[in-house]
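Visitor: Letter by letter, the chains look like this.
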Amino acid sequence: MLTKRIIPCLDIKDGRTVKGVNFVELRDAGDPVELAGIYAQEGADELVFLDISATEEKRKTLAELVLRVAEKVNIPFTVGGGISSIEDVDMLLKCGADKISINSSAVKDPQLINDLVAKFGSQCIVVAIDAKQVDGRWKVHLVGGKVPTELDLFEWAKEVEQRGAGEILFTSMDHDGTKNGFANKALTKLSSLVNIPIIASGGAGTKQHFIDTFINGKADAALAASVFHFKEMEIRDLKEELKKNKIPVRL
Amino acid sequence: MKIVIIDYGAGNIQSIQFAVQRLGYQSVLSSDPEEIKSADKVIFPGVGEASSAMSKLRATDIDSLIPELKQPVLGICLGMQLMCNSSEEGNTKGLGIFDVNVLKFNSGMKVPQIGWNQIYDLKSQLFDGVGDNEYMYLVHSFYAPLCKETIAKTDYGVVYSSALQKDNFYGVQFHPEKSSDAGAQILKDFLALS
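Heads up: the protein sequence lines correspond to chains A and B, in order.
Start counting the first sequence at 1; every next residue gets the next number (the working numbering).
Start counting the second sequence at 1; every next residue gets the next number (the working numbering).
Hints should not be assumed to be uniformly reliable.
Said to hold, decoys possible - Dumping the calculated DSBU-like pairs for lysine-lysine here, alpha-carbon to alpha-carbon at most 35 Å: (1) B:K2 <-> A:K218; (2) B:K93 <-> B:K110; (3) B:K188 <-> A:K231; (4) A:K139 <-> A:K231; (5) A:K243 <-> B:K56; (6) A:K246 <-> B:K188; (7) B:K93 <-> A:K94; (8) B:K2 <-> A:K72; (9) B:K153 <-> A:K189; (10) B:K56 <-> A:K158; (11) B:K166 <-> A:K72; (12) A:K185 <-> B:K110; (13) A:K246 <-> B:K123; (14) A:K139 <-> B:K123; (15) A:K119 <-> B:K2; (16) B:K110 <-> A:K207.
What the hints assert, rightly or not - What the simulated footprint calls covered on chain A by chain B, stretch by stretch (three residues with Cβ under 8 Å from a Cβ of chain B suffice, anywhere in the stretch; the number is not a length): (17) 130-138; (18) 230-241.
Derived from the structure by calculation, the hints contain no laboratory data.
Given the structure is predicted, the values throughout are model-derived calculations rather than measurements.
We treat Cβ as the ideally placed atom computed from N, Cα and C, and that holds for glycine.
Bound-form chain A, shown alone:
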């Protein structure tokens, strides 16, 4: 049976992890490769690296990092953050990334999704969507949720599926950072509208939140950052708890 996936997300700036992490066993707390290795050992099903650096050197630094991760880590990983061209995607996949996520660049130029899918296949193209509720409607936001658009979350999700995306990473800006649980109502609606896997993101605080998003939110995978980085929960304990609740997980 296909299992539900647990995905730690690492924010990267200039080749280093950004948010503070609370791992005493790390020799270098800022080294994404070392942290990724620990998560893989603890039973993470996948990893997401989100590059938030905005320097001239960004491309080269990210490519080097991806190569180092691929060398050491034996689980799949996705790379995202400011990716906007076929050349960028080609380079990152060649360095060993399994999937690429695009966000603002897809909103600005939806044809990019088709072009990437035609060249690299649906299986490695993830479209990340950040959205929050404005006057009761879910609106897509850009630049890490700062810039609102007129796009409706559900319409956009249908469009990205139609254009060939293999997966949707949905972050609720209303829930992100709150630790009050995932946006399960919106997630359920997404799952009923599209037939590609949905990764839930934003709001993870407790193990119960993960249980809820898999059962009520019908999510295929759940992504979180700080609860793992600050060791508020261990991935293995979380998966044990999911298993007790009859949610299929890889243990």
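Got chain A; can you put chain B on it based on the hints?
Guide: What follows is chain B alone, placed relative to chain A:
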């Protein structure tokens, strides 16, 4: 041991090279028929779309070379699918090594299947030291149905072949290079074949 990964511009070859390296071996990428023929083990990767991948193979005559190989050959993901008779993806004629036609998932489940699923009814040296129901990482929209060459099964709404074998030809739908320690064991078993 000489390990050659067939290079025809298909996807995530770097990860396979690193996985082989983690087992203590080096591999070479090649599209040169003589180099491929001289290998002790051949890995046939593949990520992407079937018909365009077959066109690339035909352009370099690797399509006629692969079925002639005598050493152990491992097709991974799309590589495995191209070793079958045909694929529904782009109505593609395959290499015809495995006597089965690749179909699109149509069982009401989400497509592509992305994630970790179990392999069972394991019937090959390829799975020495790998437990029944072990989890492997899979990403695919098309599948090979059960057939006489099935050596591992997986259930995704339909029970299908997650691995195939005929003589010296092996194919796996999952990505051993991305399937943690159990995946590494399968690669190790492949490299230990004689």
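Visitor: For each hint, tell me whether it holds in the structure or not.
Guide: Going through the hints against the structure:
1. B:K2 <-> A:K218: Violated, because 47 Å separates the two Cα atoms, which is more than 35 Å.
2. B:K93 <-> B:K110: holds (26 Å)
3. B:K188 <-> A:K231: Holds, at roughly 34 Å.
4. A:K139 <-> A:K231: holds (32 Å)
5. A:K243 <-> B:K56: violated (44 Å)
6. A:K246 <-> B:K188: Status holds; Cα separation ~33 Å.
7. B:K93 <-> A:K94: holds (27 Å)
8. B:K2 <-> A:K72: holds (22 Å)
9. B:K153 <-> A:K189: holds (32 Å)
10. B:K56 <-> A:K158: holds (32 Å)
11. B:K166 <-> A:K72: holds (32 Å)
12. A:K185 <-> B:K110: Holds - the C-alpha atoms of B:K110 and A:K185 are around 19 Å apart, at most 35 Å.
13. A:K246 <-> B:K123: Holds: A:K246 and B:K123 sit about 29 Å apart, inside 35 Å.
14. A:K139 <-> B:K123: violated (51 Å)
15. A:K119 <-> B:K2: Roughly 31 Å separates the two Cα atoms, so the pair holds.
16. B:K110 <-> A:K207: Judged against 35 Å, a Cα distance of about 25 Å means the pair holds.
17. 130-138: violated (count 0)
18. 230-241: Result for this restraint: violated, n = 0.
Violated hints, listed in ascending order, are 1, 5, 14, 17, 18; each of the other numbered hints is respected by the structure.
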